[in-house]
Amino acid sequence: MGVQKTALYDLHKSLGAKFVPFAGYEMPIQYKEGIVKEHISTRTHAGFFDVSHMGQFFLEGDETLVEALEKIIPSDLKSLKVNHSKYSFLLNDSGGIIDDLIVTKTNKGFCIILNAACKENDIKHISKFLGKNHKYFLNNDLSLIALQGPKSVEILEKLIPGVSELKFMSGNNFSYESESLYITRSGYTGEDGFEISISNKKVENLIDFLMKNGVKPIGLGARDTLRLEAGLCLYGHDLNEKINPVEANLKWAIAKKRKEVGGFNGWSKIKDLLTNGSEKIRVGIKPEGKVIARENTKIFSSNGGEEIGFVTSGTFGPSVNRPVAMGYIKSEFSKIGTTIHLEVRGKKYEGKVSELPFYKKSYVK
Amino acid sequence: MSEKKFSKKHEWVSLDGDIATVGITKHATEMLGDIVFVEVPEAGKSIQKDGQAAVVESTKAASDVYSPISGEVTEGNKAIADDPGSVNGDPEGASWFFKLKIKNKGELESLMSKDEYDKFCKENPN
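Chains L and Z, in that order, are what the protein sequence lines are.
With my numbering, letter number 202 in the first sequence gets 1143, and the count goes up by one each step, no holes.
With my numbering, letter number 15 in the second sequence gets 16, and the count goes up by one each step, no holes.
Rather than coming from a laboratory, the hints here were simulated on the basis of the structure.
Some hints here could point you the wrong way.
[As the list claims (entries may be wrong)] DSS-like mimics (lysine-lysine), calculated; alpha carbons at most 25 Å apart, straight line:
#1 L:Lys973 with L:Lys1019
#2 Z:Lys79 with L:Lys1227
#3 L:Lys1210 with L:Lys1271
#4 Z:Lys27 with L:Lys973
#5 Z:Lys79 with L:Lys1289
#6 L:Lys1200 with L:Lys1239
#7 L:Lys954 with Z:Lys5
#8 Z:Lys106 with L:Lys973
#9 L:Lys973 with Z:Lys50
#10 L:Lys959 with Z:Lys9
#11 Z:Lys5 with Z:Lys106
#12 L:Lys1012 with L:Lys1198
#13 L:Lys1288 with Z:Lys79
#14 Z:Lys79 with L:Lys1231
#15 L:Lys1073 with L:Lys1019
#16 L:Lys1012 with L:Lys1049
#17 L:Lys1019 with L:Lys1210
#18 L:Lys954 with Z:Lys79
#19 Z:Lys46 with L:Lys1231
#20 Z:Lys123 with L:Lys959
#21 L:Lys1012 with L:Lys954
#22 L:Lys1197 with L:Lys1212
#23 L:Lys1289 with Z:Lys102
#24 Z:Lys106 with L:Lys959
#25 L:Lys973 with Z:Lys10
#26 L:Lys1200 with L:Lys1221
#27 L:Lys1288 with Z:Lys50
#28 Z:Lys10 with L:Lys959
#29 Z:Lys102 with Z:Lys10
#30 L:Lys1231 with Z:Lys27
#31 L:Lys978 with Z:Lys120
#32 L:Lys1221 with L:Lys1142
#33 L:Lys1288 with Z:Lys46
#34 L:Lys959 with Z:Lys27
[What the hints assert, rightly or not] Label pairs and their in silico Cβ distance ranges:
#35 Z:Gln49 with L:Leu956: 40 to 48 Å
#36 Z:Glu76 with L:Gly1155: 42 to 50 Å
#37 L:Lys1198 with Z:Asn125: 15 to 23 Å
#38 L:Thr985 with Z:Ile20: 41 to 49 Å
#39 Z:Lys106 with L:Arg1286: 26 to 34 Å
Every residue, glycine too, gets a C-beta built ideally from N, C-alpha and C.
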């Protein structure tokens, strides 16, 4: 299979994007202004992200579909109302995270947004649990645009009246240029914003409008610094099949009812960890000074120098104006404020276990 | 100060007597993007030609800075370690990385002139 491009590839090129291969796609990592300016303009104004490489996976079926999906997704899908969304995961037999995702209840079933690098494998996994009366398809005719930042609502409301009434983690159908599009109030930056599912044919018109209203294009580089400041996980780095939701410090995303009753993949393992705690856990890390502790940086205890963990994401956070990181650490060292040592280029630097997020969010609830 | 000479690893060097000043080129900063961390060598450190001498990190990645010439470090530029972003502003001027007391001027001969370097960058855009 060759390298894939999104419907906006030519537009990105005309905007001076630098491309990188990402999950089989040629994606913009940054535009002319660079990562820091893109990051700041998202936090202070609004930015758009082409995330059309992500899978928009639709499932249709009766209540047996809900039962099938609840075996692999630990959300309370039975109680999920139409147009409401939940952050959740696909779990394997041992409770490991195959992918993290957003699932939205639709009139006919569900829409699940899958990570680009995982989508083919996810669909294979999901389909194993489905029955003959369940329909499923990945819609490649749709683009997905994230509009993020404090001005998002005011700008999008001008084009599509009614979006301002959406609450965080809910969505609806809207009409635009005589087409129906689906918009949710959600995102991956720690800012208020929307994710807009729109046909590949109309997506350039939408971007045109956004840019005329001062919305800047934002690449994967700033997407990464924004999500890390917001304490959000990146699959393949902070999460993988060998990590379960308890270790990932994401047990909040398992529905209360499901925690009690179970009935999903890896339940016995997860139940045990919920009761007894896990050996390691994901934490935020603030390295001292300006040193950046990147992925795979080893973490040591400050007294005795025992190796106690490793960094899974680390960068410089432009809005918090300091280096930030996340990683897995032995649970006994996970208390906020614990001093740790980070080994960068053979030298040990001090750091502290930190609360997440590094940057406080402003979602509309 | 002598005219700047350039390396294929995107460092520049200029000479004042037997003291060489080394930095990274404008082209290098454009490739790196926003610089957020810099580590410069301490005075007294001995560095071989093409040896690792400093570190520069952008929001994207960490890169080593090599010395295009051998010598003993007389000074690392503390100002850029304190304000890494300044390297994006004036990489070939105030934001030099370190100064070296050199022994062998002849090592400069293998380096490129400004014109040769510009041509090299065009032919090797990445």
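Against the structure, the hints come out as follows:
A distance of roughly 46 Å separates the Cα atoms of L:Lys973 and L:Lys1019; the hinted pair therefore is violated under the 25 Å criterion. Only pairs whose Cα atoms come within 25 Å are accepted, and Z:Lys79 paired with L:Lys1227 is accepted, the gap being roughly 23 Å. Taking the CA atoms of L:Lys1210 and L:Lys1271, the gap is near 18 Å; set against the 25 Å cutoff, the hint holds. The straight-line distance between the Cα atoms of Z:Lys27 and L:Lys973 is roughly 15 Å, inside the 25 Å bound, and the hint therefore holds.
At most 25 Å may separate the alpha-carbon atoms for a hinted pair to count; Z:Lys79 and L:Lys1289 meet this at roughly 20 Å. For the proposed pair L:Lys1200 and L:Lys1239, the alpha carbon gap of about 33 Å is over 25 Å, so the pair is violated. Annotation: proposed proximity of L:Lys954 to Z:Lys5 is violated, straight-line Cα distance about 34 Å (limit 25 Å). Using a Cα cut-off of 25 Å, the hinted pair Z:Lys106 and L:Lys973 is violated, with the two alpha carbons roughly 39 Å apart.
Taken as a hint, the L:Lys973 and Z:Lys50 pair is broken in the structure, with Cα atoms around 34 Å apart against an allowance of 25 Å. Proposed proximity of L:Lys959 and Z:Lys9 is supported: the alpha carbons are some 22 Å apart, at most 25 Å. About 13 Å separates the Cα atoms of Z:Lys5 and Z:Lys106, which keeps this hinted pair within 25 Å; it holds. For the suggested pair L:Lys1012 and L:Lys1198, the alpha carbons sit about 14 Å apart, so the restraint of at most 25 Å is met.
Distance hint between L:Lys1288 and Z:Lys79 is fulfilled; the C-alpha atoms sit about 19 Å from each other, no more than 25 Å. Taking the CA atoms of Z:Lys79 and L:Lys1231, the gap is near 13 Å; set against the 25 Å cutoff, the hint holds. Using a Cα cut-off of 25 Å, the hinted pair L:Lys1073 and L:Lys1019 holds, with the two alpha carbons roughly 20 Å apart. Our distance criterion of 25 Å between C-alpha atoms is met by L:Lys1012 and L:Lys1049, whose separation comes to about 19 Å.
Restraint check for L:Lys1019 and L:Lys1210: satisfied, since their Cα atoms lie roughly 23 Å apart, inside the 25 Å limit. Under the criterion of a C-alpha separation no larger than 25 Å, the hint pairing L:Lys954 with Z:Lys79 is inconsistent with the structure, at around 38 Å. Restraint check for Z:Lys46 and L:Lys1231: the C-alpha separation of about 22 Å stays at or below 25 Å, so the hint holds. Simply put, Z:Lys123 and L:Lys959 have alpha-carbon atoms about 16 Å apart, close enough for the 25 Å limit, and the pair holds.
For the suggested pair L:Lys1012 and L:Lys954, the alpha carbons sit about 43 Å apart, so the restraint of at most 25 Å is broken. Pair hint L:Lys1197 plus L:Lys1212 holds up; C-alpha atoms about 12 Å apart against a cutoff of 25 Å. For the proposed pair L:Lys1289 and Z:Lys102, the alpha carbon gap of about 29 Å is over 25 Å, so the pair is violated. Proposed proximity of Z:Lys106 and L:Lys959 is contradicted: the alpha carbons are some 39 Å apart, above 25 Å.
A distance of roughly 23 Å separates the Cα atoms of L:Lys973 and Z:Lys10; the hinted pair therefore holds under the 25 Å criterion. Restraint check for L:Lys1200 and L:Lys1221: satisfied, since their Cα atoms lie roughly 20 Å apart, inside the 25 Å limit. A C-alpha spacing of about 23 Å is found between L:Lys1288 and Z:Lys50, which places the hinted pair at or below 25 Å, so the restraint holds. The straight-line distance between the Cα atoms of Z:Lys10 and L:Lys959 is roughly 21 Å, inside the 25 Å bound, and the hint therefore holds.
Of the supplied pair hints, the one linking Z:Lys102 and Z:Lys10 holds, its CA atoms being roughly 21 Å apart against a limit of 25 Å. For a cut-off of 25 Å, the pair hint linking L:Lys1231 to Z:Lys27 stands: about 23 Å separates their Cα positions. Proximity of L:Lys978 to Z:Lys120 is assessed by CA-CA distance (about 30 Å); at most 25 Å being required, the pair is judged violated. Proximity of L:Lys1221 to L:Lys1142 is assessed by CA-CA distance (about 47 Å); at most 25 Å being required, the pair is judged violated.
Between L:Lys1288 and Z:Lys46 the CA atoms are separated by roughly 16 Å; this keeps the pair inside 25 Å, and the hint holds. Under the criterion of a C-alpha separation no larger than 25 Å, the hint pairing L:Lys959 with Z:Lys27 is consistent with the structure, at around 17 Å. Hint check: Z:Gln49 to L:Leu956, Cβ distance near 43 Å, so the stated range 40 to 48 Å holds. About 45 Å separates the C-beta atoms of Z:Glu76 and L:Gly1155, a value consistent with the hinted range of 42 to 50 Å.
Between L:Lys1198 and Z:Asn125 the beta carbons are some 59 Å apart, a value that contradicts the proposed interval 15 to 23 Å. Checking the proposed 41 to 49 Å range against L:Thr985 and Z:Ile20 shows it holds: the Cβ atoms sit about 44 Å from each other. Hint check: Z:Lys106 to L:Arg1286, Cβ distance near 31 Å, so the stated range 26 to 34 Å holds.
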